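Asks: The chain contents come next:
There are 2 protein chains.
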Amino acid sequence: MKNLTLDNITAAAVDSFAGLPDARRRELVQVLVRHLHDYAREVRLSHAEWRAALGFLHRVGDISTPERSEFSLLSDVTGLSSQVDLLWSQAGATPGSNLGPFHAAGSPWRDNPADLIGDNAGTRVLLRSRVLDMQGQPLAGAEVDFWQNAADGLYWQQDPRQPTDNLRCRLRTAADGSFEIATIRPVPYQIPTDGPAYLELVQPAGRGSWRPAHYHLIVSMPGHRTLVTEVFDAEDTYLERDAVFGVREALVGRYADEHDPAAAQRLGLPGPTVPVMRMDFRLAQA
Amino acid sequence: MKNLTLDNITAAAVDSFAGLPDARRRELVQVLVRHLHDYAREVRLSHAEWRAALGFLHRVGDISTPERSEFSLLSDVTGLSSQVDLLWSQAGATPGSNLGPFHAAGSPWRDNPADLIGDNAGTRVLLRSRVLDMQGQPLAGAEVDFWQNAADGLYWQQDPRQPTDNLRCRLRTAADGSFEIATIRPVPYQIPTDGPAYLELVQPAGRGSWRPAHYHLIVSMPGHRTLVTEVFDAEDTYLERDAVFGVREALVGRYADEHDPAAAQRLGLPGPTVPVMRMDFRLAQA
Chain A
1 MKNLTLDNIT AAAVDSFAGL PDARRRELVQ VLVRHLHDYA REVRLSHAEW RAALGFLHRV
61 GDISTPERSE FSLLSDVTGL SSQVDLLWSQ AGATPGSNLG PFHAAGSPWR DNPADLIGDN
121 AGTRVLLRSR VLDMQGQPLA GAEVDFWQNA ADGLYWQQDP RQPTDNLRCR LRTAADGSFE
181 IATIRPVPYQ IPTDGPAYLE LVQPAGRGSW RPAHYHLIVS MPGHRTLVTE VFDAEDTYLE
241 RDAVFGVREA LVGRYADEHD PAAAQRLGLP GPTVPVMRMD FRLAQA
Chain B
1 MKNLTLDNIT AAAVDSFAGL PDARRRELVQ VLVRHLHDYA REVRLSHAEW RAALGFLHRV
61 GDISTPERSE FSLLSDVTGL SSQVDLLWSQ AGATPGSNLG PFHAAGSPWR DNPADLIGDN
121 AGTRVLLRSR VLDMQGQPLA GAEVDFWQNA ADGLYWQQDP RQPTDNLRCR LRTAADGSFE
181 IATIRPVPYQ IPTDGPAYLE LVQPAGRGSW RPAHYHLIVS MPGHRTLVTE VFDAEDTYLE
241 RDAVFGVREA LVGRYADEHD PAAAQRLGLP GPTVPVMRMD FRLAQA
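Top line first, the protein sequences correspond to chains A and B.
Note that the working numbering has the first sequence beginning at 1, numbered continuously upward.
Note that the working numbering has the second sequence beginning at 1, numbered continuously upward.
Worth flagging that the hints you see were computed from the coordinates, not collected in a lab.
None of these values were measured; they are calculated from a predicted model.
We treat Cβ as the ideally placed atom computed from N, Cα and C, and that holds for glycine.
Honestly, I wouldn't trust all of these hints.
[Claimed, not checked] Partial chain A-side listing against chain B, Cβ under 7 Å, derived:
{"hint": "1", "residue": "K2"}
{"hint": "2", "residue": "L4"}
{"hint": "3", "residue": "D7"}
{"hint": "4", "residue": "N8"}
{"hint": "5", "residue": "D15"}
{"hint": "6", "residue": "S16"}
{"hint": "7", "residue": "V31"}
{"hint": "8", "residue": "V33"}
{"hint": "9", "residue": "H35"}
{"hint": "10", "residue": "W50"}
{"hint": "11", "residue": "I63"}
{"hint": "12", "residue": "A234"}
{"hint": "13", "residue": "T237"}
{"hint": "14", "residue": "Y238"}
{"hint": "15", "residue": "F245"}
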């Protein structure tokens, strides 16, 4: 178009993507372009602000690596990730929560029950769970992809002192839908504080950098909606101020001492009791 | 917040930036967060789509360098840059147009009139302009930052065969507000076609990659709004389908042969005439 004005620029930009052959992709792009234009107009974005925004995105790109996604962190600290998680959480099913930047494909398979403790320092605990359908029936053979941080607050990818694949595994639920993971109690940790997401947005807003301690899980089963979620610790200091908006009440569990001398022995604990977090996962149908 | 739901997540995310001390920055961030959330909800963004979008942004970051801003290109091909340009174009003043990715600070100062032809191949022409205020009065000593591509379609930063600073300069307008640049007629060129902005958005939409030939200028004068704009060639093939929405009718000029034996001699042209593009720039008050 030769005579673009403020009155026709948004329509021209949206229309320019009308040729995208995939209808869904076309919708995603066209609605995004409209929102971008509406945003610029609503705030009357100046050139200096536009350049500052581009500079910010460059810095986000510069610090990102295949192992560290600052874009993902940006999505997390703006609540966008949680918005998507909640959009796809069906009433009655376990709600979704942040995937986070530390999930990596190819986690090693373990037998169920699994023991991930190894040489890790920290409080030895059990996660005892069941995977259920919406009617409460057990889902046998569901895949569970599990990862968490170590006692120093770091995931194995962040910490060369940890062995490869430390504190992560995949396993399948038993015939009664159950799985058990012997592990250490995760600890609160900070989101990366050396990048633009924290330094230029979160910190200037006076927000904290801490996330309450949590397990990460992806639970999947054919015919059901894959659940990406987290399990939080009811006693955590940061439960009310998670830097990435991940906490939902249904995902908060409490460790309780259970009488289980066999498990205590397996975990190398002195007494007849073991601290157990019980949290079941209910999957919506696909 | 402990119990985040689809009903409160957007408000929680917006509120989390209430502590940004600078009011304007707070507005920019909070309105953007709201639009991002509204977008995700409006299109019901899936996790796979969200991950695909993050992957796209990673690829945009990966191909970007200090000399090549794929984020800027993305802003251009979605019309966002033009939206900002038009937002700040005041009625009666020369409209703004794309800064583009090839502006770099520190262009060498030249005397006015300037001759940038050097060893460049191409059609030798003159750009004869005046910088005026809104009342049509000349603005003497206004700063003009000028850059364009060479006969091969490339800017000097893209092309190691061109000398440093080829076809760019800064100069000041004369007492009558005039400036003159002897140069070569710019040629149409393609936006970068090896990055995600083109390969994943523009090309799949069946849009072209070409920009009509143009000069880039930034005209600035204390007390006046800085004008970032372009000047287009009325005879250009791509005037109606600029890949980045830069064309406005007021910025389209036509080369006309002017009788000027002295200038013809300076430019090394055989006849008594010189092809001249005349385009004045009218600056709004700050």
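Asks: Hint by hint, which ones does the structure fall short of?
Replies: Of the numbered hints, 3, 4, 5, 11, 12, 13, 14 do not hold.
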